[in-house]
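So the protein sequences, as listed, match chains R and C.
With my numbering, letter number 526 in the first sequence gets 526, and the count goes up by one each step, no holes.
With positions in the second sequence counted from 1, the corresponding number in my numbering is that position plus 10000.
Because the hints were derived from the structure by calculation, they are not lab data.
Note that the coordinates shown come from a computational prediction; the quantities given were computed from them, not determined experimentally.
It is possible that part of the hints are untrue.
[To be verified] Derived CB-CB ranges, DEER-like:
1) R/Leu1202 - C/Arg10091: 53 to 63 angstroms
2) R/Ser831 - C/Arg10091: 23 to 33 angstroms
3) C/Glu10098 - R/Glu134: 50 to 60 angstroms
4) R/Gln867 - C/Arg10013: 21 to 31 angstroms
5) C/Glu10057 - R/Leu735: 53 to 63 angstroms
6) C/Glu10098 - R/Ala1372: 46 to 56 angstroms
7) C/Glu10057 - R/Glu23: 42 to 52 angstroms
8) R/Lys1232 - C/Glu10057: 17 to 27 angstroms
9) C/Glu10057 - R/Glu819: 37 to 47 angstroms
10) C/Glu10057 - R/Ser762: 56 to 66 angstroms
Quick reminder that beta carbons are idealized off the backbone N, C-alpha and C, glycines included.
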Amino acid sequence: MDQAKCTSCGECAKVCPVSRPNEYNEKLDFRKAIYKQYPQAIPGAFGINKEGTAPCKATCPAHVSIQGFVALINDGRYEEALKLFKEEHPFPGICGRVCHHPCEGECTRAQVDQPLNVRELHRFLGDYELERGEFYLPEIKAEKRNERVAIIGSGPAGVTTAFELLKQGYQVTIFEKQDEPGGMMRYGIPEYRLPRDILAGEIKVVQDMGAELKCGITFGQDITLESLKTEGYSAVFLAIGLHSGRNLGIENEGLEGVLQGVDFLRDAASGKSVDVGKEVVVVGGGNVAVDVAQTAKRLGAEKVTLICLERREEMPAWEYEIIEALEDDIEIVNSFGPRSFHIDQDSQRISGIEFKSCKRVFDENGRFNPEYDEDVCEIFHCDTVIVAIGQSANLDGIKDQGIAISRPGGLEADSVTLQTPIAWVFAGGDAFYGPKSVVDAVACGKEAAISIHRYINNMDLREGRDKVWNYVRPAIEGEGIIERIKAECLAPKDRAGNFLEVANGYNEEQARLESARCMSCGVCSECYQCLDACLAGAIDHNMVAIDKDLTVGSVVLATGAKPYDPSPLSDIYLYKQNPNVLTSLEFERLLSSGGPTMGHLVRPSDHKEPKKIAWLQCIGSRDNNKCGNSYCSSVCCMYAMKDAMIAKEHSGEELDAAIFYMDIRSFGKDYEMYYDRARDREGIRFVKARVHSVIENRENRNLILRFADENGAILEEEFDMLVLSVGLEVSRETLELADRLGINVNKHKFIESDPFAPLASSREGIFACGTFQGPKDIPSSVTEASAAAGLAGCVIAEARGTDTKILEIPEEMDITGQEPRVGVFVCNCGSNIAGVVDVPGVQAYAATLPGVVFTDNNLFTCSQDTQAKIKDKILEEKLNRVVVASCSPKTHAPMFMETLEACGLNRYLFEMANIRNQDSWVHADSPELATEKARDLIRMAVARAVQLKPLHGKVIPVKKHALVVGGGIAGMNAALDLAKQGFESTLIEKQSQLGGMGRKLHHTIEGADIRAYVDKLVTQVGSEEKITVLTDSEIVNFEGFQGNFKTAVRAGGQEEAREIQHGVIIVATGAGENTPKEFLYGEDERVLTQTQLGDRLAEKGCSGLDTVVMIQCVGSRNEERPNCSRICCQSAIKNALAIKKSSPDTQVFILYRDMRMYGQMEDYYTEARKQGVIFVRFDKNNPPVAKASDEGVLVTVKDHVLQRDIEICSDIVALSAGVLPSGSEELGNRMKLNTNAEGYFLEAHVKLRPVDMGSDAVFLCGTAHGPQLISEAIVQANAAASRAVTFLSKDEIKLSAIKAEVFTDHCVKCLTCVRSCPFEVPQFNTEKGEIEIDPALCQGCGVCACVCPRQTINLNNYEDDQITCEIETLLAEEA
Amino acid sequence: MRLTYPTNIKILRVPCTGKVDVMYLLRCFQEGADGVFCVGCLEGNCHYNQGNLRCRERVEHIHELLEEIGIEGDRVRMYNLSSGEGPTFARYAQEMTEHIMALGPNPLKAKPKKVKDPA
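In isolation and in its complexed conformation, chain C is listed as follows (with noise of 0.2 angstroms):
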């Protein structure tokens, strides 16, 4: 269909979003991505039985885990999707960018990474 969507939407492939570790999700803001957004099948729809699931899950607990550093939890979301629904994803790839937008950069970006070894 070749909709247009943003083009700072990268794509990571995962056999199942039920591999999406949180230790990705947070490695992702850690390296100064601005948001990141899970896309599963449908729910009900999952060849693994649950693993749909259990990312959202995690997408939520992550929510938690984000803003105790003070980083906006609602920068990580969760979508789900059938391999049928190209004008769906195009649509949420544009609403997932104009909301981070809103929200600007990744907080953490802003202050330096590391403290260099002065030595």
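Chain R with its partners taken away, still in its complex shape (with noise of 0.2 angstroms):
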């Protein structure tokens, strides 16, 4: 497809009649193999899902389209199906009879159950010409040649060559030597099995296409090549068949009562009376023996025996044809050979045949060299011998002109080219090749058409011929048995002494069933259809894939991870066993209303809505047992959270929805928060339990899960759906991919990297970020998407802006003054408009309403060419606005307020009116009312034009330097990563070193050494010169807007403050440990922060601890502050680990309500347990309680296991006390910036831009961000410092000329807009005592101008006249 042809307008789609499964839904229903990937995909083209050839189509000789007209067929498009045979194989009718069918033999329904009847299909489409009684004749094209070719020969290579010329243009005369065209399929094959009014039907469609067919003309006497170059003849295609037999090559076998093969048969075909006698003895294994046999047999005799050298499974006949014989009561002998003819003496006539036995036909080499057993014999009387061993061309007035012959005895010529010595004369068929089927010839004769085109033309006969077909096959597995459909076959009593036609076809419905068992190997069955119903021309089916080689300093790999596929549990949950049991993501396609169900919640068995839904966590995830995958997939907790709110509010009736988990893991911003809600507020019931078993309820397919609860009880309960939440796992594609880049995995198949370069992979310059990082949600994997497209250009600044293209916009019309002149134009888009809506009497009606001086319509506005003319008009008839009638200006307007642009006009003079989106396609089944609805969208849009005003966006230069707010680890990296992408930035502190938390620190989950990384982070700072490092800095003045901000910052214990001019800003302020009040902190020394374990642990080891008791979540996921600090799990778990190390006997408590080892430090989870780590889950309602004694800290806990509280004596309580940020309210303050309750900065949006804030060009990382890990700062800073880069690499902003102004003369000063505006944009300048509207700070929403009591605030392209002049017309009319 080509994308910027296709517009989208999915007629293709309509016609396609293959149907796959909707990967978008989940495979939940069904889409066609031309599609578009989903509603709201960019680009929003369509493709073609296109695996590869078919094997029937690659198999068949004559590669027709098998696949393709078995769709159509199913589709009930039979017309369709006939041409698309016909497109390459004349004979639909004979070969649907006479075919040895080989696309049967790789046909993978054949792998299933049996293979597709391929060739009754093809004979349901001759059949259906024929009834239909007229012939479909393919159009010619080309136009009419002067050339002439002659063909030797009505045989079906003979007049596929014609067929095929004739589509080209050619002149053409076929001269055949019989009375009757047709060749070996008129006097070889019997009428039984193929009867004469399909044969003459079939070959009369070359005649009606212009062919001259001279019958009873025998070349070598009537005709020569001579006489045909005289008459003027370019080329001659000889296809004279093997119309002779070969002999036994024993003694008397010219005797009477001793017959060929195909003499016989053309004798009795041509209405010979042939007398056979009773007894027939046919000689032969052979498809012609077998004919012979049952025409001998049909003659009047009794007995006919078919005798041949193979063994039964040897014979070289068709199994049907020998099962009809044998039904026809022939008797087969076989492993015989001739050995003698008996003669009777009175009449001199054949009265037997002896035979000798035969003991194998092909030696070792598989060559034919039969070995007899002369002493092994048996006489056969009969009254005739039918010899029927092979045939031999009938070279009489051949040789004599020249023409060579091969040693076989048959034509001569090039194996690909059929040239024969003698240039401009072609030889194939039987002739050349030697005996084969209808279907070979058929394929011989489109190649000697090829050829013979080529000559004549002068073109290489060679080029580009080696095309080998491969053919590809989808897997087979789970696909149902279908029965092939049998066509019906006259009883062998019926058949008797008749040539009536023994098999019937199918009628149309065993067509259409047969026809359904396709699998659509190739997906796309290359119908063609698409390429008549699209009218753009987008689609070219001989597109290939190309092998592109690209040069590139950098690569980020961003192939994501896959759901779990949960198949291989399905014994324990019943997935894909039970129509209720979904995977999370199944389930959220049914929740969505582009889903299959529209998101209507109902479940898959019985479509009822369900009234309760359990959730099955950690599917695919922390399971190193049934799935191997260990590690936590990070988002499962949080989506089912979501998935089962969502569930709710879809229900009409009260849903119960149950979460079964093992730790809840909402360790996000501000992700507790929506935990609580879920369970407080939306009343989703979590319940701490893993469910061994699910069982069905046979009865209405509900689901019993068994399960084990805390106290461990055994429980059941049923509920009428399942969802399981599945995890991430890398694809093997992206393994592969890893694979061929030459980069690590681990062992969880992730990329392998560094903490403190966790985006680097162990190949430099490749980098990856998302889900094949690690387990990750979408913040994160878009925060990661910044650091390393940052990352990557790190390693290639110096190549910026050198592949950068310039456009050129030449200067702009000035209009003032000038009357409105309105161009309308007004789209067709193909058939998607015009289909419905009266195009041209829009136009019309366009070209009355004022101002419109210029109407058009096309076919495709959005056409390059069509760009073109909307310029020559713009020009021409010098219009001054430009009314485009066609989609969403959501999709279209950028390029058409381009093309205005890119003539002079300026670009806001724009509208569109949109008559396909919003009219024809949601009006289809009313065309009268769409067509006034499109007049009214058309009146409406011109009125607005008439109105509208050019407009300016503000250019703002950029100042290219950044600051830097923070010294810490993310602060550092972000301005090293600026630095290396050439740009210069202020670096404050407010301490007197650089290094922020990462100083108290000592050691990573993973053992890297922290102090030593802030260490070298400091000196590469130092050692930058485009960093400048201020410490014991503080912001004293803050003013200003993206590109130009100034800060004045009063730093190193001076007085005077110093200003800095930036462009951008980065805010990584830090956080720091909470200061604990509970458990006894700051009262016995004996209990520390996590922190200080870690320094306790560093300076003296595990000397005297015996035990030890961590409390998580002090401080965290409370009243005060409700949020998950994220990082105390793994740094409890470090220290423990740190403990069990060195003092192995030292006993470790950890108190902790949900173990957030999320991602893959669930490893360190599992370790810990292992090094004997005792984990004891306690209640927010129910937490430890701490009490002083002088044996240690005596802390006591309630054991839910054992269900009584227990009492731990211990040397040390560490208190997981949580993350505080530091300073981020006074820096708030002043520099504009907003922030959580938690006192978090808040970020512009949670997904889409995470590290960037509400203020333009201000960008944020780090733990000012939230808690974070070390690794996890680092990306953040990365991505920071990639989006500022975004800002410091353009010399200036361009800003949107959609702003507020303010006309300060009416303006009474009430501040209205300073209150409304979301963005704290309008202020007050007291000196000059008027209200200011920065356009650099504006966003454009337009509140402020709309609250203005005296509405001297107009946002720019939407004043209230452009606005209710639009109302004004529209309702006008209607009144």
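Reconstruct the complex from the two isolated chains, following the hints.
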């Protein structure tokens, strides 16, 4: 599909006969082979799902689009199916009867049950054509040519060549020796197999197409090459067939009563009377022999014996023919070769034939080399012997003309081009390659036509003719068995003594049933229906994948992960066994309004609304036994809660939603509040239990869950539906790619990386982001995407801008004082609009509207040539407003606006009327009303266009310098990245030295040395010329906007502040450890925070530590600070493992609520349990109690498993104290940056802009954003720097022109705008006494314009007049 | 998705429902519209923070104004949708049309718009 031409109209999908499970809806519904991936896909173009060529098409010698015509038959489109067949093959009916169907031998369906009955299906088309009484004549698109081609022989090869050459415009004469055309099809294949009307009908097509057919003309006698040359033929094709038999070569073969098979068949077919007597022996085991035997039987022979050299299974005749012969009471005797004839001395006629036993036919090399046993002989008495052991060419009159003869006695020609040594003469068919089937002759005839065409046009005969037909097969797993539909046959008793056709074809119903068995191997069936449907001409079925070499400096891998497929666990969870068990992704599609049920939540088994749904967490995650993915997938807890809440919202009745979990891991920013809401406000039930089995209630297909609760009691509960919260895993394709790129993956198959360079792969210059880096949610993935782009940019910073093309825009026309001159371009959108709306009528109507001076309608207004036309018309007609009535401005307005700009018209003098998406598409069933609506919409658009004014966005120069606030790990990384990208920055730190929180930590959980890393960063920052470091600093003043900030900083104890001018800001002010108020902290020196415990372990090790108790969620997840601090679980386990490592006998207890060892850190949790760390879960409402005593701190906690309080005497109590942001309030006030309730800075959008802040050109990273690990802070720093570079790399920023503007004359300074603006943009300038709206800050929402009581604020492009004129003009006409 | 909805619905584009002025809504009725509905982003998802909430307030406010002049306030409604909710939009469009059909034409239309100057 040419993406540039596709208009996404969808006409192609309407005609596509192939349906496939729709991946977008998790295969819960169907899509076509030509499809748009999903409604909102970008680019919004269609594509064809072509897996490759189907085995049938690849195997068919004529390469008929078999899958295509089968799909069309299945769709009931017989006319199209027939047309498609005849594209490649002129004989659907003939081959529908006699083809040896090699396609069926390769049919994928044969691997499931039996092959598709392809032959009967195209016979059905042949019968359809015959019944209709009118044969389809292919359209001759080529112009008529003067060159004439002579074809000798009207067999399948000759007729096919004629058929193909006629399509090319040539004049063709076919010369036939016999009285009727058809060659072996007429004189070799008996009528009971191939009725004469079918044969005559399909041959007559070439005559109707213009071929001249001359019968009774013998080549070499009546005509010669010389005579043909004289008559002006440009080329000759010899397709004379094999019409002579081969002799046995034994004595007395010439006696009366010994006949040749081909002669016999010819005589029988010609209607000559042939007396075969009562007993007939047929010698031979091929197709001809079988035909001879059956014909002899029909001519009155009482006993027919077919005797051949081969064993039964070696016989060259087709199996179905042999079976038919046996049904006709023909005796078959195998493994005998003729020895001698017995003669009746009186009549001198044959009386019998003696055979000798044949031990084997083929030698070790597979060559024909029979070996006989002369001792075992048998005599068969008979009246007639018919010899059918092979055919030969009748070369009378051929040799004499100097035509080359091959060694086996056929015509000699080139195997590819079919050219004989006489350049203008070509040869093909049986006479060239020996006896073969009709379809082989068709294939050969097509090749001959290509060669002759090339020969006549002096083209290379050989070029490009080495195509190898490879094919593809779909997987057959899960494909159900469908019985092959048998065609009826005449009963053997009804066949006797007549030549009625034995096999009946399919009726319509049978054809439809059989065609439905096709497995659509290639997906696209190559039926080419879409080509006609696509008016934009965007489809090209010959497109192939192209290998391209790209030379790049860095690579970003964003290949992602896939949801875990729970099929291997179906015995436990009944997935795919019970339709009401879905994966979470499938369930999401059920909830989606774009999904298979359009958002109506019903269970698949009975389409009833479920009343109880259970979610099972950790399917394919945290599970070493069943699936091998021991890591936590990080996202499932959150999406399960989300889906449960949406499900409740969608349910008409009260839905009981229960989530079965091990730990709820809502560790992200503000996620704990979401959990609280789900549980406390939305009533989602959370059940801490791992379900060990699921059984189906057979009555209603409900699911019965068996699980043990926390106290160990075995419980059962029944649900209507079950959702498996499947985890993430890396796909095989991604691993193969990693292998090709030479990068390492870890044991979980995610990329191998370093905690201090989390996105760098093991190969320099290759970076990963998203879930291939490790399981993570959308905000983290988007952050990583920016980060990886930035890192990739650091490596190739020098190359920035070197491949950029600059668009030349002509000077803008001044339209001041001009009357509006509107041009209206109405789009047909192929038939998308024109098929419903009366486009010419609408265009004529548009011409009557005030201000309109020009109208036009276009097939596709978005096409390249229409753009050129619009430009011409703007200039010719002096248009100063343009209205396009077509589709959505969302997708197309920018393109048309560029067209205006490209010819000097201001881009804002443009308006669209959406007469497709909002009209013809949605009102297709009422064309008249749709046309009326189109008129209304265009009238509104014209009215608005007249009111439009040229607008110019403000251009702001960018100060190429960054201010980084905070000199911790995040801030230093951000400044270093900016330097690598070539930009200067000032790094300000309020402490006297750089390093921040990193200086207080020792090791990461992986064991990496944090202090050494911080020292390294400080050295790098210090030696980097582009970074200015200011320590002991304080911001004393701040002003400006994106690209032009001014910040005054007092630093290094100096009184005087210095002013820094900068274009962007990166906020990295960090956070510290919370100081606990609970558990005797500050009162008893044995109670420490985790950081202090880390210091203690680093200083003194584990000496004197017999027991350590750690308490989680201190100062987090409570009323005061409701959110999770994310890092404490891993801090605790890190310290616990450190203790266990140096002192295995020290008892470590971790008292927790949920262990949140998300992602790949789960391994350390497993390791801690293995090392004997004791985990005791406590309830939020029943927290542990600490009491000081001389022996130690006594900690009492209720153990859920034992169901009683336990008391632990510990040497140290370590509190996981959580994270507390530092100084965000002060900085926030100073720089007008928003924070959340807990003091973390707010990002502009949680998912889409995770490191941007609400104000433009201000970015955020590190723990100032929210609690996070060092590795995560580094990634955010990379991301923030990367986002900053998108500003710094520009010399200027062009703002949108859609901004609010104040007209101060009427302003009463009521300050309503100041209070209403969500971005605090309008300011009261006390000096001037005026309200000011800075266009650099205005977001263009128009709220101020709306609230202004004096209406002195305008939102450009949406001025009141520009909106009310639409209302007025719409309703004026209606009233 | 090309879901059918009644043809009497014409869409007027604004940057944000926060830009929908009370005046625009009143003008619609003055000019003879039978009903108006505003479709904003889902609550909490406004690109400009609170535009959709402002619009809802205005729509509620206008109910009273309309009632005062004898027009059923419920001829103006506010809906919230995300861009992926085509079927819901079609349903709202249908619902709104049926609702307005039940109410009958705009009462203002029955009266002559302006008394023409006899001169």
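Practice task
If any of the earlier hints don't hold here, list their numbers in rising order.
Solution key: Violated hint (a single one): 6; every other hint is consistent with the structure.
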